[in-house]
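Engineer: Each chain, written out:
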Amino acid sequence: MIRVFIVDDHDLFRVGVRAGLGPEIDVVGEASEVGPAVEMIKERVPDVVLLDVHLPGGGGRYVIEGVHRAHPQVAFLALSASDAAADVVGLVRAGAAGYVTKNISPAELRAAIERVAGGEPVFSPRLAGFLLDTFSHLSPADPELDRLSEREREVLQLIARGYTYREAAAELFISIKTIESHVSSVFRKLQLSNRNELTRWAVERKLI
Amino acid sequence: MLEERKQFGPPVAFTIRRIAGGARLIGLAWMMVLVMVALARDAMGRPGVGWVLVGLSAVWAVVAAIDQVRDRPADPWWITSGDAGLAAFALVAPEIAGSSDLFYGGFPGIAVVAAAARQRSVGWVVAALLSVVTIARFQIADVSQALAQLSALVTYGMLAAIVGWAVHVIYRTDDARRRAEDQQARAEEKATLAAHLHDSVLQTLALVQREASDSTRVAALARRQEQELRGWLYGSSDGQAAGLARSLELAASELEEAYGGKVEVVAVGDTPVEGSAKAILAAGREGMLNALKHSGTNRIDVYLEVLAQNIKLFVRDRGVGFNRVAVPADRAGIRDSIEGRIRAVGGKVEIRSPSGQGTELRIEVPR
Numbered sequence: 001m002i003r004v005f006i007v008d009d010h011d012l013f014r015v016g017v018r019a020g021l022g023p024e025i026d027v028v029g030e031a032s033e034v035g036p037a038v039e040m041i042k043e044r045v046p047d048v049v050l051l052d053v054h055l056p057g058g059g060g061r062y063v064i065e066g067v068h069r070a071h072p073q074v075a076f077l078a079l080s081a082s083d084a085a086a087d088v089v090g091l092v093r094a095g096a097a098g099y100v101t102k103n104i105s106p107a108e109l110r111a112a113i114e115r116v117a118g119g120e121p122v123f124s125p126r127l128a129g130f131l132l133d134t135f136s137h138l139s140p141a142d143p144e145l146d147r148l149s150e151r152e153r154e155v156l157q158l159i160a161r162g163y164t165y166r167e168a169a170a171e172l173f174i175s176i177k178t179i180e181s182h183v184s185s186v187f188r189k190l191q192l193s194n195r196n197e198l199t200r201w202a203v204e205r206k207l208i
Numbered sequence: 001m002l003e004e005r006k007q008f009g010p011p012v013a014f015t016i017r018r019i020a021g022g023a024r025l026i027g028l029a030w031m032m033v034l035v036m037v038a039l040a041r042d043a044m045g046r047p048g049v050g051w052v053l054v055g056l057s058a059v060w061a062v063v064a065a066i067d068q069v070r071d072r073p074a075d076p077w078w079i080t081s082g083d084a085g086l087a088a089f090a091l092v093a094p095e096i097a098g099s100s101d102l103f104y105g106g107f108p109g110i111a112v113v114a115a116a117a118r119q120r121s122v123g124w125v126v127a128a129l130l131s132v133v134t135i136a137r138f139q140i141a142d143v144s145q146a147l148a149q150l151s152a153l154v155t156y157g158m159l160a161a162i163v164g165w166a167v168h169v170i171y172r173t174d175d176a177r178r179r180a181e182d183q184q185a186r187a188e189e190k191a192t193l194a195a196h197l198h199d200s201v202l203q204t205l206a207l208v209q210r211e212a213s214d215s216t217r218v219a220a221l222a223r224r225q226e227q228e229l230r231g232w233l234y235g236s237s238d239g240q241a242a243g244l245a246r247s248l249e250l251a252a253s254e255l256e257e258a259y260g261g262k263v264e265v266v267a268v269g270d271t272p273v274e275g276s277a278k279a280i281l282a283a284g285r286e287g288m289l290n291a292l293k294h295s296g297t298n299r300i301d302v303y304l305e306v307l308a309q310n311i312k313l314f315v316r317d318r319g320v321g322f323n324r325v326a327v328p329a330d331r332a333g334i335r336d337s338i339e340g341r342i343r344a345v346g347g348k349v350e351i352r353s354p355s356g357q358g359t360e361l362r363i364e365v366p367r
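Protein chains in written order, with the working numbering: chain F, 1 to 208; chain E, 1 to 367.
Take the hints with a grain of salt, since some may be wrong.
As the list claims (entries may be wrong) - Heads up, incomplete: computed chain E residues facing chain F, CB under 8 Å, no partners named: (1) TRP51; (2) GLU264; (3) VAL266; (4) ALA267; (5) VAL268; (6) ASP301; (7) TYR303; (8) ARG316.
As the list claims (entries may be wrong) - Here are the in silico distance ranges between beta carbons for each label pair: (9) ARG70(E) <-> VAL15(F): 56 to 64 Å; (10) LYS42(F) <-> ARG186(E): 44 to 52 Å; (11) GLY16(F) <-> LEU193(E): 40 to 48 Å; (12) LEU233(E) <-> GLY119(F): 47 to 55 Å; (13) MET1(F) <-> ARG186(E): 53 to 61 Å; (14) ARG186(E) <-> ALA81(F): 25 to 33 Å; (15) LEU193(E) <-> LEU12(F): 21 to 29 Å.
None of these hints come from the bench; they were simulated from the model. None of these values were measured; they are calculated from a predicted model. Even for Gly, the Cβ is constructed at its ideal location relative to N, Cα and C.
Build the full structure now, drawing on both the sequences and the hints.
Structural biologist: Structural data, given as C-alpha cells:
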C-alpha cells in the first residue's frame, strides 16, 4: 500500500483528493502550511507527498528543500492550479518527481502516484512543454550548462504532443526503458542546471 | 556597479527643487558679478577675500548644479548647509575685506528661499542663522550701511515666511489632488472588475445553474470560464492582441464548449498572429474541430512549437482514425481549410492515422 501525504492550503481540495484516492492508497497525513508539513513529513516518512505549488509561508519548494536532504526517498508530486511555468519548473528543480494539474481525474492521479512511488518521473504534456520552453531559453554560450540531447528533445516533444511512453517508443523505434531513461536524464539535467540561467530566464519573462 | 536609484517623491517636489536650484545659480552669478565690480573699482582693502568668495561661489555653483542633475525630491543636508555657510561667509566678507561695497547681492536671500523650498522649518533656521550673522556684523559696521542691513534682516524673515508657506500650500494641494485621483482610479478599476466579472463569471454561473443536469456541458462551461479568467488575470491585457499560443487556447476552449470534450493545448514559444501564424491558427482550429466531431473521442492533445525558422503544430486524438478515401468528395474541410491554407503560406500538412491509434495532424509552416 502506498503511503501518501497531502500538502494543500485548500481544505476542500484535500478532502476531494482523499476521497478520490480510493482504498488502495493510504493517506497518512495532511498539512496546509510549509512549517507543519515539513515536521509531519519528516516524522511520518510517506512514500509520496502531493504538494501544492502555492502555499502560505512560502512555495511548495520549501517543503521539498526541508525534507529532501534528510529523507531523499520521499517522492514529491506537484499539484497545481497555476499554469505559471516558473512555479512548476521551480518545484521540479527543487526535486519534485512530476507535475499534474488539479483538474486531473482521480484515476489519472492514482496512476501518477503509483509511478512516482515506483521512482519514475510523471510527465504531463504540459510539463514537457514547460521543460522544452525552459531549456530553449538557456543560453547556448554557457559551457557549464547541460543542454538537451537531440533524442531527449524528441522524447519531450512527443510527450508534449500527447504520446504515452509506449507510443513515443514505437514512434522512435526504441524501447520504453530507453524512453524512461531519457526522461530521467532530462529531470537530472534540470535539477543540476545552472541556477543563474534559470533565474535569468524567469526574470526575462517577468515571472519572478 | 552603476546604479542610479531614483528617490521617491511627488512630481511637484522635483519641480520645486529645480526652481530653487535655478534661483541658487542666479544668486551665485549675481554675487560673483558684484564682487568682480568691487574688485575692479579697487573698493577692497584686501582683494584676496573677494577672490576667495568668487572661487567658492564658482565651485559651489558647479557642485550644486551637478547634484541638481540627480533626480531627488529635495536637496540633501549638505547642500542646504553649504548654502547657509557660503551665505554667512558672504555676509561677513565685506567686513573682512575692508570693503565699502556690500557685494553679496541676493545670495543670502536665495539661500533662505532654497532652504524654505526644502522644508518650512529649515527655511526658518537658515533665515535665523543669517539674521544672527547680520546682527553680529551690524554692531561693528559702518552706520551708513545700517539701513541696507536692517532691510536684509526683514527680507530673510519674509522670504522664509512666504516661500515656506507657498511650498507648504503647494504640497498640500498636490497631495489632495493626487489622493482624489487615486480614489477615482481605484473606483474605476473596481467598476471595470465588476463589469468583467458580471459579463464572464456571473453569466457562466447562471448558465451552469440552468444546465446543471448536463454534466459535459457544465464541465465545458467551467473549463472555458477558467481559461478565460486565467487569461484575463495573468495574460495579456485587453489592449494587446493575444499571441498565437493564447489564440489557439481560446479557439480550443470555444470548441470544447461547442462540442464537449477536453482539448489540452501545450505551447512552446509564441509569435504574433500574422502571416503564416494566422494560417496555422485557422488550420489548427479546423483540425481540432474535425477531431472533436469525427474521432469519437473527446480528448485532444494539441502541441504548438514556435521555432526560429518555422512553426509546428500537432493535433492528436486517439479516436477511430481517419481514412482519406472514405471521406466524400464534397467535404471540403480538410482540403480547403487545412491543406489549402497551409500550402498558400508555403507550409506542409501530414495526416497520420495508423489503424487503431487515432489520428495525428502535423502542420509545419515557415515563419
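Engineer: None of the hints should be skipped; say for each whether it holds.
Structural biologist: Now for the hints, and whether the structure bears them out:
| no. | hint | in the structure |
| --- | --- | --- |
| 1 | TRP51 | violated (56 Å) |
| 2 | GLU264 | holds (6 Å) |
| 3 | VAL266 | holds (4 Å) |
| 4 | ALA267 | holds (6 Å) |
| 5 | VAL268 | holds (5 Å) |
| 6 | ASP301 | holds (3 Å) |
| 7 | TYR303 | holds (4 Å) |
| 8 | ARG316 | holds (5 Å) |
| 9 | ARG70(E) <-> VAL15(F): 56 to 64 Å | holds (58 Å) |
| 10 | LYS42(F) <-> ARG186(E): 44 to 52 Å | holds (45 Å) |
| 11 | GLY16(F) <-> LEU193(E): 40 to 48 Å | violated (28 Å) |
| 12 | LEU233(E) <-> GLY119(F): 47 to 55 Å | violated (37 Å) |
| 13 | MET1(F) <-> ARG186(E): 53 to 61 Å | holds (54 Å) |
| 14 | ARG186(E) <-> ALA81(F): 25 to 33 Å | holds (28 Å) |
| 15 | LEU193(E) <-> LEU12(F): 21 to 29 Å | holds (25 Å) |
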